[in-house]
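Undergrad: Same order as they appear, the protein sequences are chains A and B.
Sequential numbering of the first sequence, starting at 1, is according to the working numbering.
Sequential numbering of the second sequence, starting at 1, is according to the working numbering.
Quick caveat, the hints were computed from the structure, so don't treat them as lab data.
Every value quoted in this text rests on a predicted model; they were computed, and no experiment measured them.
Virtual Cβ for every residue (Gly too), placed ideally from N, Cα, C.
Certain hints may be false.
Some chain B residues flagged as far from chain A (calculated, every beta-carbon gap over 10 Å) [as the list claims (entries may be wrong)]:
no.	residue
1	58
2	116
3	118
Quick list of the computed label-pair ranges, beta carbon to beta carbon [claimed, not checked]:
no.	chain 1	residue 1	chain 2	residue 2	range
4	B	27	A	152	28 to 36 Å
5	A	107	B	28	33 to 41 Å
6	A	45	B	93	48 to 56 Å
7	A	9	B	84	37 to 45 Å
Non-contacting residues of chain B with respect to chain A, defined by C-beta distances greater than 10 Å in every case (computed) [said to hold, decoys possible]:
no.	residue
8	31
9	37
10	68
11	74
12	79
13	84
14	102
15	103
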Amino acid sequence: MADPNKVDPIHQFQITNIVQFGDGGLALTNSALFMVLTVAVIAVYLLLSTQKRSIVPNRVQLISEMLYEFVAKMVSDSAGTAGMKFFPFVFSLFMFVLVANMFGMIPLFFTVTSHIIITFALAMLVFGVVIVYGFMKNGPKFLKLFVPSGVPGYVLPIVVPIEVVSFLSRPISLSVRLFANILAGHITLKVFAGFIVTLGGLGFLGWLGALLPLVMTVAITALEFLVAALQAYVFAVLTSMYINDAIHPSH
Amino acid sequence: MARKRMTEPQVPKRSRVKPEASPLTSDLASRIARAQGERKATDDHASPAATQNLSAISRGVRLGSEFIAAILVGWGIGYGLDLVLGTRPWLMLVMLMVGFAAGVLNVVRSAAQMNRAEPPPATARGPDDEDAD
Numbered sequence: 001m002a003d004p005n006k007v008d009p010i011h012q013f014q015i016t017n018i019v020q021f022g023d024g025g026l027a028l029t030n031s032a033l034f035m036v037l038t039v040a041v042i043a044v045y046l047l048l049s050t051q052k053r054s055i056v057p058n059r060v061q062l063i064s065e066m067l068y069e070f071v072a073k074m075v076s077d078s079a080g081t082a083g084m085k086f087f088p089f090v091f092s093l094f095m096f097v098l099v100a101n102m103f104g105m106i107p108l109f110f111t112v113t114s115h116i117i118i119t120f121a122l123a124m125l126v127f128g129v130v131i132v133y134g135f136m137k138n139g140p141k142f143l144k145l146f147v148p149s150g151v152p153g154y155v156l157p158i159v160v161p162i163e164v165v166s167f168l169s170r171p172i173s174l175s176v177r178l179f180a181n182i183l184a185g186h187i188t189l190k191v192f193a194g195f196i197v198t199l200g201g202l203g204f205l206g207w208l209g210a211l212l213p214l215v216m217t218v219a220i221t222a223l224e225f226l227v228a229a230l231q232a233y234v235f236a237v238l239t240s241m242y243i244n245d246a247i248h249p250s251h
Numbered sequence: 001m002a003r004k005r006m007t008e009p010q011v012p013k014r015s016r017v018k019p020e021a022s023p024l025t026s027d028l029a030s031r032i033a034r035a036q037g038e039r040k041a042t043d044d045h046a047s048p049a050a051t052q053n054l055s056a057i058s059r060g061v062r063l064g065s066e067f068i069a070a071i072l073v074g075w076g077i078g079y080g081l082d083l084v085l086g087t088r089p090w091l092m093l094v095m096l097m098v099g100f101a102a103g104v105l106n107v108v109r110s111a112a113q114m115n116r117a118e119p120p121p122a123t124a125r126g127p128d129d130e131d132a133d
């Protein structure tokens, strides 16, 4: 930012090259760096915390076990026992989104999930897994997903396109939801924090007025932590529901 | 505590061990049975309880994004087909309507799912609620 008095809430989402490899435009960006950091933190934490495998877990191991059981219950609740073979997939997605969101709450850190291309790539991964596994397991019967049972034949030309569009809209709603929540939250936070600085420049009355956005910023920060955890949960729940559709295609 | 145990005679204590142990083991057995029952219940089907504990914001955003996503997808398919077939703008208009219907379907489905997971409070129901569903 050139002008320190100008509030620029979008600046935090800018992608910059950190290390450039050759002239081809290939580079390690801040987004890539934080994705690597996210994966590294998850891997190191889970490996170290479960290394002792004590029967009575200490606090660190307990957190890992709680995360495991939380996701395992979520998957078996929404996709049944047959869905548990996708537990590693859902758990990886959940941990990645959760840790990436939480990284975003640390000041000066880049928020990976605030870019739609990242969330869309994750959603397309889910979508691809659902389609490939659905056809692998059910064969052409997977297409029953688009034909609701108990619908008379003459309505099918209308119902089937609607079902197809509804199915195709899933990766978009999945990715837009995560991206929009995180992006909007971070922008709101920046805007309210910017009000404090702007009002603070107006003298004593300005300082009094700046108390309001200050309170607001603290409240929104708490809300953002909630949103960060909740969106990771929602992403994982919907993933396991879509996987349920791949396993049991009839509604 | 130690004094009490010392003064207590040994014989009644031993006799007390047996009835004490059996509720303990029967409790464990019932817990195992309950856990197995839960496991069997989730064996083959999805339970509707998966979307519980969602806050109001996330419910709203979920419904909104599903509605908009379907419209966007419908519009995109129609626009693409128009470009390929050269029928501008008719397929786009048709698919926009299909996308709108799919959006309504998405919203109704997820709302029904949320209601199954967490039935709305009785006060929120209208007088003519029995013909709903």
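Undergrad: Are the hints correct? Go through all of them and say.
TA: Against the structure, the hints come out as follows:
1. 58: Answer for residue 58 of chain B: violated, closest chain A Cβ roughly 5 Å.
2. 116: Label holds. Min Cβ-Cβ 12 Å, cutoff 10 Å.
3. 118: holds, 14 Å
4. B/27 - A/152: 28 to 36 Å: violated, 54 Å
5. A/107 - B/28: 33 to 41 Å: violated, 49 Å
6. A/45 - B/93: 48 to 56 Å: Given a distance of about 52 Å, which is inside 48 to 56 Å, the answer is holds.
7. A/9 - B/84: 37 to 45 Å: holds, 40 Å
8. 31: holds, 16 Å
9. 37: It holds; residue 37 of chain B is separated from chain A by about 13 Å at its closest Cβ, greater than 10 Å.
10. 68: Incorrect as stated: the minimum Cβ-Cβ distance to chain A is 7 Å, not above 10 Å.
11. 74: violated, 5 Å
12. 79: holds, 13 Å
13. 84: holds, 17 Å
14. 102: violated, 4 Å
15. 103: violated, 7 Å
In the structure shown, a violation is registered for the earlier hints numbered 1, 4, 5, 10, 11, 14, 15, in ascending order.
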